[in-house]
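Full structure from sequences and hints, please.
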Amino acid sequence: MKHLTVMLVAGLIAASPVLAQDGLNGPDAFANITDQTERSAALFQEMGKVLTHPRCLNCHTVTGGPTQGDDMHAHEPPVVRGDADFGAPGMNCNTCHGTTNVGFSTEKGSIPGHDSWMLAPVSMGWQGVSLGEICAQIKDPARNGDRTLEDLYEHHAHDGLVGWGWDPGEGRKPAPGSQEIFGQLTRAWIDTGAACPG
Amino acid sequence: MTKFQVNGRDYDLDIDPDTPLLWVLRDELRLTGTKFGCGVAQCGACTVMLDGVPRRSCVTPISAVEGSEVTTIEGMEGPEITAVQAAWNEIDVPQCGWCQSGQIMSATALLQQVPSPTDDDINNAMAGNICRCATYVRIRQAIHAAAKTLEG
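Keeping their order, the protein sequence lines are chains A and B. Letter 184 of the first sequence, counting from 1, is numbered 184 in our numbering, and no numbers are missing. Letter 97 of the second sequence, counting from 1, is numbered 97 in our numbering, and no numbers are missing.
Check before you lean on any hint, since a few could be wrong.
If we take Cβ atoms under 7 Å as the criterion, some of the chain B residues that face chain A in the derived model are [stated by the list, open to error]:
no.	residue
1	G39
2	V40
3	P61
4	S63
5	N124
I should point out that these hints are in silico values taken from the structure, not numbers from a laboratory. Backbone N, C-alpha and C define an ideal beta-carbon position, used for all residues, glycine too.
Structure (structure tokens):
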């Protein structure tokens, strides 16, 4: 019976798509979509699994301060956005968050941290926004920090703060896949015309 | 070895780099004015100044303060802390007192950055400092009083 179970599990693993890694497919998974614009939109849809993950959304709020946790509840202690997206005078992000994740000394869990730890500007707010609208916003230099599509690729593929999403410290679920796959998806999305899902 | 300064004095300590700054201040340097409250950056009792801005020392590994200047409640100087201490005495803010060094550090940092804070400024800056005796009304009153003193 034990051997049968092992064989069944091994069979199931072998049957899963080889390109999927923790729920994020690489660009090859979309190669069979012949229409390039449709393929591009599908690639962005896949990127959306990362963009709309709580690890990203918690600091891409549309108003006010950050949220936290997988249920994106209000940040504790209460934190306001502040003029520089960095909290209030006297208590900004760096009052608690350092340049790396720090494990708690007295209990399980950790406080997240990375260089440039701060909220994304309001113009880059994503919570409650449709993926199509996020796509339009992410391509718009007036709202994306004056980035070209190539800058976006660099940002997604290599920026350390983006990469924190896959290395969020003890007690937090990482974003799906890896930054490498996210970068590949972004590359393929741009190369197919950077179309947005409807 | 970690080299840093505390209250103007140089230290060069051979200590596990993951040790929280709070542990070092209290257990190694015997600066016990900074308190342990929660250990998870939720209460503010462990607030110190790190290179001049507030920092929760319970979630700050000693490796992160290499080359930095730490100021604890014992080493605070300047017009803002003087005004805050006077107001705290005058209004008799503390009850049990455990959280108060953290409260005073945050209040001083606020006044250094916003000399005449509104109630909202105070709420926002002090939201991370919890007081189990609920002295919040007196804390706010004392910050306003200190601001008035600083106005001259």
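Hints, verified against the model:
no.: 1; hint: G39; result: holds, 4 Å
no.: 2; hint: V40; result: holds, 5 Å
no.: 3; hint: P61; result: holds, 6 Å
no.: 4; hint: S63; result: violated, 9 Å
no.: 5; hint: N124; result: holds, 4 Å
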